[in-house]
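Engineer: Given next are the chains, with one letter for each unit.
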Amino acid sequence: MKLQMRYADMWGCSKMDVSQYLEIFIDETKEHLQNLNEQLLILEREPDNADTINEIFRAAHSLKGMAGTMGYKRMQRLTHDLENVFSEIRNGKISVQASMVDVLFRGLDALENYLDVITNSGDEGDEDNEDIINDLNAFLGGGQPEAAAGAAPAEAPKKEEENKGEFGSVFKDLKVADFEQHAIEKAKSEGQNIYGIRVVVDENCILKAARAFLVFRALEEIGDVIKSNPEVQDIEDEKFEKDFIVLIITKESVDVVKNAVLSISEIAQAIVEPFNLDLSVEENIEKSDGSNVTGANADSPKSKASTAAATATAPAPAAAAKAKKADEKKPGGKPVVNRSVRVDIEKLDVLMNLVSELIIAKNGLVSLNAGTGHDDGKRSSSFNEQIEYLERVTTNLHESVMKVRMMPIESVVNKFPRMIRDLCKKLDKKMELFMTGEETELDRTVIDEIGDPLMHLLRNSADHGLESNEDRVKAGKPEVGSIFLDAYQDGNNVVIEVRDDGAGIDLERVKKKAIEKGTITEEQAETMTENDLIALLFRPSFSTAEKVTDVSGRGVGLDVVKSKIEGLGGDIECKTVKGEGSTFTIRLPLTLAIITALMVELGDEKYAIPLGSIQTIEDIPCSDIKYVQTREVINLRGNVIPLIRLDSILDVEPRDEKPESLTVVIVAKGEKLAGLVVDNLIGQQEIVIKSIGKYINNNKIISGATILGDGEVALIIDANTLV
Amino acid sequence: MEAKTNEAKTNDLNTAIVLEGKQYIVVKIGTEQYGIDIQYVDNIVRMQSITRVPKAQHYFKGVINLRGEIIPVMSLRLKFGLEQDQFTNSTRIIIIKLEAQATIGIIVDEVKEVVTLNEEEIDKPSYNENDEKASYLFGVGKHGNSLISLLNITGVIVEKEKEKTNM
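Residue numbers (numbering that gives the first Met the number 0), protein chains in the order written: chain R, 0 to 722; chain H, 0 to 166.
Don't read these hints as lab results, they were simulated from the structure.
For each residue, glycine too, the CB sits at the ideal point set by N, CA and C.
Worth double-checking, as some hints may not be accurate.
[As the list claims (entries may be wrong)] Straight line, CA to CA, 30 Å or less: simulated BS3-like cross-link-like pairs of lysine-lysine:
(1) R:Lys605 <-> H:Lys141
(2) H:Lys78 <-> R:Lys605
(3) R:Lys668 <-> H:Lys78
(4) H:Lys96 <-> R:Lys693
(5) H:Lys54 <-> R:Lys563
(6) R:Lys693 <-> H:Lys141
(7) R:Lys429 <-> R:Lys361
(8) H:Lys54 <-> R:Lys699
(9) H:Lys123 <-> R:Lys689
[As the list claims (entries may be wrong)] Ranges of calculated distance between the beta carbons of each label pair, as one might list FRET restraints:
(10) R:Glu711 <-> H:Leu81: 44 to 50 Å
(11) R:Leu347 <-> H:Pro124: 57 to 63 Å
(12) R:Thr444 <-> H:Gln47: 52 to 58 Å
(13) H:Glu82 <-> R:Thr394: 54 to 60 Å
(14) H:Pro124 <-> R:Ile358: 57 to 63 Å
(15) R:Leu367 <-> H:Gln47: 46 to 52 Å
(16) H:Ile37 <-> R:Glu652: 35 to 41 Å
(17) H:Lys27 <-> R:Leu367: 24 to 30 Å
(18) R:Leu707 <-> H:Leu81: 31 to 37 Å
(19) H:Glu82 <-> R:Ile616: 38 to 44 Å
(20) R:Leu347 <-> H:Ile37: 52 to 58 Å
(21) H:Lys27 <-> R:Glu384: 26 to 32 Å
(22) H:Glu98 <-> R:Pro477: 54 to 60 Å
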């Protein structure tokens, strides 16, 4: 859509620098490719699904248009051949087979490669993907072996023939409303000519709407345009494929009109015929009350399809402008793409409103300050009012800004079904991926980073987690393995779970392997708990796979995943039940910048504990403290929770008084709990997280600092490192 | 083409230095005078309340809030192995900006003046790889009767990285 907005200012502009559209091109191409991937997966399962085929065709068509517009010839050519296959499928000329889907997927991958190269260099590279193109053309039954030679020519003649049949008469689709009929009759009585003109735009024309505009202008110079199909508005929006019909009243002859139209470049054909009202009256006249819709809803099924296709195509070719110029001047050889977030206009509106409110609140304070005459009591109360107002606005502002940064996790996970499909084939295992919570939102920075770790985990599940189909049947499980990807919000965290119903992790084997590798000694192995063993999996270069496969098992898996996730401020846990499967749970902070925290006092110092990790706050009498292995614990409603004396961990000078009871903040990390002993509670507060700089060294207990209302600095305790 | 311009630029720069010398902020720590290359100095602020950061290197006093930015503050005295700072009215924090996003404050007893030193007024110290403290200085400047130890700011600050990994 963006493209469309931008192209509005391109009217009449002949020279176009495509580089400014590169970003949009990349974004939209990604979307289309994703869409194609998804739809193709559906098509594989339901080869007869007409909606899917249409959707695929539209996406492919848009892609081709965009690639052509940007001057990416190779990409355009490949897309074109893909499109040919899709179009044959759509027309029912060939049917979908497994081998075809494979080739189509290969084609999509090749397109993705082009896109990667473009993203990095601004140029499409020089991979021709000849083999894919040949395979694609093979499906077309050799009908168009040389289709590749040029994007358009192969298609054009064929279409041309179709069109002849389709538009036997220029006016077949044209309906004339009452008032138009009157106009026509009136013109006729005045001795003017009425012509119907079918204008066919050149196949290679990129700025179709612009050409159409010129056609209209030329026609208006010699007469009155009374009607067009599609509607003028739709033509301007490029909602037509390559031809449109215009009804014109003019004094000029057929030839003059024809020449006027043909004088505009990139107009391939103009068929001008006198419009014979009498002939068409019967079937073509329509009551004016229905006429508004007609333009778009022409009745022949064929043109309906083409209208639909055109609508879908609209955003893409709008990219338009551009041109063949793009050939000579390909964008320079450096990555030109910035990271951007697509923002819902509504979210921006909310932001805008909040900012206006902020200004109002500020003005309130200013006027309060100016009006000195009032008595003090009244002033301070309205002052408080304004402060409260300001507070409310800033809180909302904060929330909305955060929302702007948020993106649904969908953009990351929607490529996984395709990946699992490929893995099915590669590993020769039947499996299915079930995803939930794709709408869960995460900060953009996190979204960017989370893809790889998730992919790793999924591959792990597919390769190591799930047993082979035979083994599954033997174990009495359903033959097809299941992998689950669930995302949901949990307090201030987003949790993503990757689960499989496979064999689970063989902890004995982990133990043996660890001893073999010298990671642990045998004595250590004896005392290790299950969790300790699982923790081994996250050590660098630790893989239990018996054989290294292409998919995973190179031992560079889980440790990378772990460090990446920790880099994002999250953590990862694994649970496994032998014979039933394993679950990897990733926990990520919802946002990285602003959090709500509990402010506490330790000695004279103030610290912030993120509210997200706090479960409860308890008052524990000193007499309730028990000792387990010389460590202090408390028994809280049946849970044995270790006590952590924050003051000694943080080397705070302890307070002199020895209280009767302790204030304990119970924090949780996953299911593990710990009680942090603090001296005093201050209260809950929204804090802005700031880094304490890279030079200062701390044991990760301090995750950052924040500035309090009085300008003082308080440090933020990362409870996760303590539990 | 570009290389040429660069070359020309450095030449210009060198000439400028030779002609005008470099400016240093002279600070006092204990009885000694130190010079800090003025191009690294972002700001000089008065002593203010410092929030201690637990488990940090001993020479880091903590962090301060400088107009909404959190800035770690180190004590040059502790870094150089001198006795604890005595904060007085003349104690200052010099805010050093080596690169964007890496600001650091250093505490000095007193800020005296800004001097301009020419190349010939600076003596290079003898190089000794094993003496860690030697890397804190890159020369001794002579200004009038007094000697100014010129701080190698990068050495003082960045060399921490090494220590960090050792810790």
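Engineer: Taking the hints in turn, state whether each one holds.
Structural biologist: A quick look at each hint next to the structure:
Proximity of R:Lys605 to H:Lys141 is assessed by CA-CA distance (about 46 Å); at most 30 Å being required, the pair is judged violated. With a C-alpha separation of about 27 Å, the suggested pairing of H:Lys78 with R:Lys605 holds against the 30 Å cut-off. A hinted pair counts as satisfied when its Cα atoms are at most 30 Å apart, and R:Lys668 with H:Lys78 does not qualify at roughly 38 Å. For the suggested pair H:Lys96 and R:Lys693, the alpha carbons sit about 13 Å apart, so the restraint of at most 30 Å is met.
The hinted pair formed by H:Lys54 and R:Lys563 meets the criterion: a straight-line CA distance of about 25 Å does not exceed 30 Å. For the proposed pair R:Lys693 and H:Lys141, the alpha carbon gap of about 34 Å is over 30 Å, so the pair is violated. With a C-alpha separation of about 63 Å, the suggested pair R:Lys429 and R:Lys361 falls outside the 30 Å cut-off, and the hint is violated. Annotation: proposed proximity of H:Lys54 to R:Lys699 holds, straight-line Cα distance about 9 Å (limit 30 Å).
For the hint linking H:Lys123 to R:Lys689, the alpha-carbon distance of about 40 Å lies beyond 30 Å, and the restraint is violated. Separation of R:Glu711 from H:Leu81 is about 28 Å and departs from the stated range, judged on CB atoms against 44 to 50 Å. Judged by the Cβ atoms, the range 57 to 63 Å given for R:Leu347 and H:Pro124 holds: they are separated by roughly 59 Å. Range check, R:Thr444 to H:Gln47: about 32 Å between beta-carbon atoms, so the 52 to 58 Å window is missed.
Between H:Glu82 and R:Thr394 the Cβ separation comes to about 48 Å, which falls outside the hinted range of 54 to 60 Å. Hint check: H:Pro124 to R:Ile358, Cβ distance near 58 Å, so the stated range 57 to 63 Å holds. Under the hint 46 to 52 Å, the C-beta atoms of R:Leu367 and H:Gln47, about 30 Å apart, miss the expected range. Separation of H:Ile37 from R:Glu652 is about 39 Å and conforms to the stated range, judged on CB atoms against 35 to 41 Å.
Restraint check, H:Lys27 to R:Leu367: a C-beta distance of roughly 47 Å breaks the suggested window 24 to 30 Å. Checked against the hint of 31 to 37 Å, the C-beta distance between R:Leu707 and H:Leu81 comes to roughly 32 Å, which is consistent with it. As the Cβ distance of H:Glu82 to R:Ile616 is approximately 42 Å, the hint placing it in 38 to 44 Å holds. For the hinted restraint 52 to 58 Å between R:Leu347 and H:Ile37, the CB-CB distance of approximately 44 Å leaves it violated.
Checking the proposed 26 to 32 Å range against H:Lys27 and R:Glu384 shows it is violated: the Cβ atoms sit about 52 Å from each other. In this structure the supplied range 54 to 60 Å holds for H:Glu98 paired with R:Pro477, their Cβ-Cβ distance being about 58 Å.
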